[in-house]
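*Asks:* Here's the letter readout for the chains.
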Amino acid sequence: MSKKLLLTYDHIPGINTLEVYRQNNGYKSLEKALKTMKPDDIVEEVKKSGLRGRGGAGFPTGMKWSFLAKPEGVPRHLVCNADESEPGTFKDRYLMERIPHLLIEGMIVSSYALGANTSYIYVRGEYFYIIKILQNAIKEAYAAGLLGKNILGSGYDLDLYVQPGGGAYICGEETALLESLEGKRGNPRLKPPFPAVAGLWGRPTVVNNVETIAAVVPIVNGGGDEYAKIGIGKSTGTKLISASGHINKPGVYEIELGVPVEEFIYSDEYCGGIRNGKKLKAVVAGGSSVPILPTELILKTAKGEPRLMSYESLSDGGFATGTMLGSGGFIAMDEDTSIVKNLFTFARFYHHESCGQCSPCREGTGWMEKILKKFIDGKATMSDIDLLWDVQSKIEGKTICPLGEAAAWPVAAAIRHFRHEFEEYVKNPQSIHDVKHYFRLNNLVEA
Amino acid sequence: MAKVTIDDITIDVPDGTSILAAARMIDEQHGTNIAPPTMCYYSKLKTTGGYCRTCIVTVEKGSEKDPRPMPKPVPSCRTNVMDGMVVRNTTSPELLEARAGVVEFLLINHPLDCPVCDQAGECHLQDLGYENGKEGTRYEFQRREFEPIDIGDKIKLHMNRCILCYRCVKTCEQITDGRVHGVINRGDHAEISTYIEKAIDNDFSGNVIDVCPVGALTDRTFRFKSRVWFTNPVDAHRDCNNEKCSGKTRLWMKGDDVLRVTARKDRWGEVEEFICNSCRFDHKKTSDWTIEGPSKISHHSVISQNHNELRKLQLGVHKQIKQLDGTKIDLGEGALNPNNIDK
Chain S
259 MSKKLLLTYD HIPGINTLEV YRQNNGYKSL EKALKTMKPD DIVEEVKKSG LRGRGGAGFP
319 TGMKWSFLAK PEGVPRHLVC NADESEPGTF KDRYLMERIP HLLIEGMIVS SYALGANTSY
379 IYVRGEYFYI IKILQNAIKE AYAAGLLGKN ILGSGYDLDL YVQPGGGAYI CGEETALLES
439 LEGKRGNPRL KPPFPAVAGL WGRPTVVNNV ETIAAVVPIV NGGGDEYAKI GIGKSTGTKL
499 ISASGHINKP GVYEIELGVP VEEFIYSDEY CGGIRNGKKL KAVVAGGSSV PILPTELILK
559 TAKGEPRLMS YESLSDGGFA TGTMLGSGGF IAMDEDTSIV KNLFTFARFY HHESCGQCSP
619 CREGTGWMEK ILKKFIDGKA TMSDIDLLWD VQSKIEGKTI CPLGEAAAWP VAAAIRHFRH
679 EFEEYVKNPQ SIHDVKHYFR LNNLVEA
Chain F
20 MAKVTIDDIT IDVPDGTSIL AAARMIDEQH GTNIAPPTMC YYSKLKTTGG YCRTCIVTVE
80 KGSEKDPRPM PKPVPSCRTN VMDGMVVRNT TSPELLEARA GVVEFLLINH PLDCPVCDQA
140 GECHLQDLGY ENGKEGTRYE FQRREFEPID IGDKIKLHMN RCILCYRCVK TCEQITDGRV
200 HGVINRGDHA EISTYIEKAI DNDFSGNVID VCPVGALTDR TFRFKSRVWF TNPVDAHRDC
260 NNEKCSGKTR LWMKGDDVLR VTARKDRWGE VEEFICNSCR FDHKKTSDWT IEGPSKISHH
320 SVISQNHNEL RKLQLGVHKQ IKQLDGTKID LGEGALNPNN IDK
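Chains as they are written, first to last, in the numbering used here: chain S, 259 to 705; chain F, 20 to 362.
Simulated from the structure, these hints should not be mistaken for lab results. This structure is a prediction, so every number in the text was calculated from the model and none was measured. Among these hints, one or two may not hold up.
Derived DSS-like pairs (lysine-lysine); straight-line CA-CA distance at most 30 Å [to be verified]: (1) Lys-290(S) with Lys-305(S); (2) Lys-449(S) with Lys-91(F); (3) Lys-284(F) with Lys-267(F); (4) Lys-84(F) with Lys-328(S); (5) Lys-65(F) with Lys-328(S).
Construct all of the structure, not just a fragment, from the sequences and the given hints.
*Replies:* Below is the structure:
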């Protein structure tokens, strides 16, 4: 049984209420932080823990916090990014739905560490019922003196607000989120300046993912060094993985970083293997924007070592043979899946969600979708594969925010690892309508 | 001061200068042509730039302190120079390829209706496509279409031609009062719009026509009157009652008729001083103006390419013509033959 830090108590009935949460060690870290620690001590603990941002980029949280500018007399803000919109990722929803107080506790402790007196949780618009859950929890916390003026008699004040978003994927990008929070159109800002210097309303701001903020609670409770012992190498601690696709047990799993991918897919503790006894064909390991990998490369690295669920191991081999841990949206696909059809769905999503600010993404995402539609309609030619490759390469790295890359990477990876499938659709346009039959018949997929 | 090297030319610039500004300084001092093209950046307006990605450059060396190269091309308009920075623009084939990609993206949904577009001849997108793009198109799908809209009785919006540079939005935000105009929708459906097509009614709204790099916002009072290269631009001024307006303008004349009034533009295609709507739309008589003389148009567009030069040649003023790259061709005999001038 692997170690759990965040979802230790999620099975307890009523854990979403303050009463039950406090009976189960809730708000211990807050008492410890406010009564025995200085703000900088907490930052130091987070640095020691080696915690890395859980939203996708994996940037060390302690370092991000220490970059926060602290000019005299200027308020600072902590913003929680709960705009979880990456296809395949649903861990934050689970966490907020089940244990809202864990996030609120993390928010208070983190705000105290950063010296923020007003903090925000920006929740995506589609999570309307979660907004209710969070607001109830915040109400309870205010009533118990855990929020508001003079928290637990420490003299520290904090107001916490929940802000619903409009449901745009782009608002999960931290600067677009800040624009949206300010009441403007959710267009990403040009960096620099980074939010740590000029963020919300031009003030120094830290934006962290829900899971990152929740992870501060066990770090403060047990100490950064203890946290750093969990996991492997620079991938410390535990990570929530949203497992979906053709597996027997889809759901949110808390894993200790470093679990072998093979174990994660096939052991009964986690995904429980591929459903209906089929073979695994490919895996998108960290949410729709990370490169897709075929079975042989997801289970073992190019060097032949077993691939582990960690930041380093998954990105071993670069994009040629590796991928990314991303936000932990683990999508497994069985042998009957059409990679091209799946890619078309992703491309359609990114086309729909592009904000339209910078040209490569605005025009390129739509173009890629249209080319992929040709494959689906059986009208594609061989040169379309090269064109698709060229278009994605012209988007990648040329945009303001990572959405351009998020749109380009899946296309690049699909062509890199499954070019034969694109070619099959060109040669035999009918095969796309009967993937199962066609690919089995031609023995195209060797798991 | 910071020392920056762009395309092997070194220059000292004040700290906080953008790479683009440094490149323009080099061009002005050395007569070179290394400044990256810009479609959205506008030095006269704040917070512009960074959107169109045509001005991307490669940073080969970050600075003296941190010599690592930057991993991705950076927008030169919004990236400041560091001491010891080494930048590649026209000398990097990879970068030119990347820029050609950006140009292609800008053109795939552009209607290419230059023959019926009033902007033709002074269009930055034409220049960009000509200088940085590739021949032909690989786009085979239906282009995005919008209906043309009248924004008030003076301005026409052709959203089809828009490249979403946001210049007009920033103009309305910064030099007119009470902005009613912005961007609605997102992605490739995004469009410039006034709320419920409300007319822009402001003394300085006409400037959006001048800042628009393409034919998306055009002057309705000049609509289909003439191709710009058949008009003669002259600099002129008048005493304008509006305090904010300098009254210094450029008249586009045909014979004795003033067909159009615009602000004066510098060699980078940016207006020197914004003008009011009264000067722009209501004073179309030669007698309204004190004419200073022919305009010097150095921006590389069709009108500048041969327009003034040709007139001088016809008058026998000089025997050489300056090309885009700064080199001069000796025309010698037969200078008046248009075929020779086109080279």
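*Asks:* Now, for every hint given, state plainly whether the structure supports it.
*Replies:* Hints and how they fare:
1. Among the hinted pairs, Lys-290(S) with Lys-305(S) is consistent with the structure: their alpha-carbon atoms are about 18 Å apart, no more than 30 Å.
2. Between Lys-449(S) and Lys-91(F), the direct Cα distance comes to roughly 13 Å. Compliance with the 30 Å bound is thereby established for this hinted pair.
3. Proposed proximity of Lys-284(F) and Lys-267(F) is supported: the alpha carbons are some 11 Å apart, at most 30 Å.
4. The suggested pairing of Lys-84(F) with Lys-328(S) holds, with an alpha-carbon distance near 25 Å, which does not exceed 30 Å.
5. In summary, the hint linking Lys-65(F) to Lys-328(S) is supported, as the alpha carbons are separated by about 26 Å, within the 30 Å threshold.
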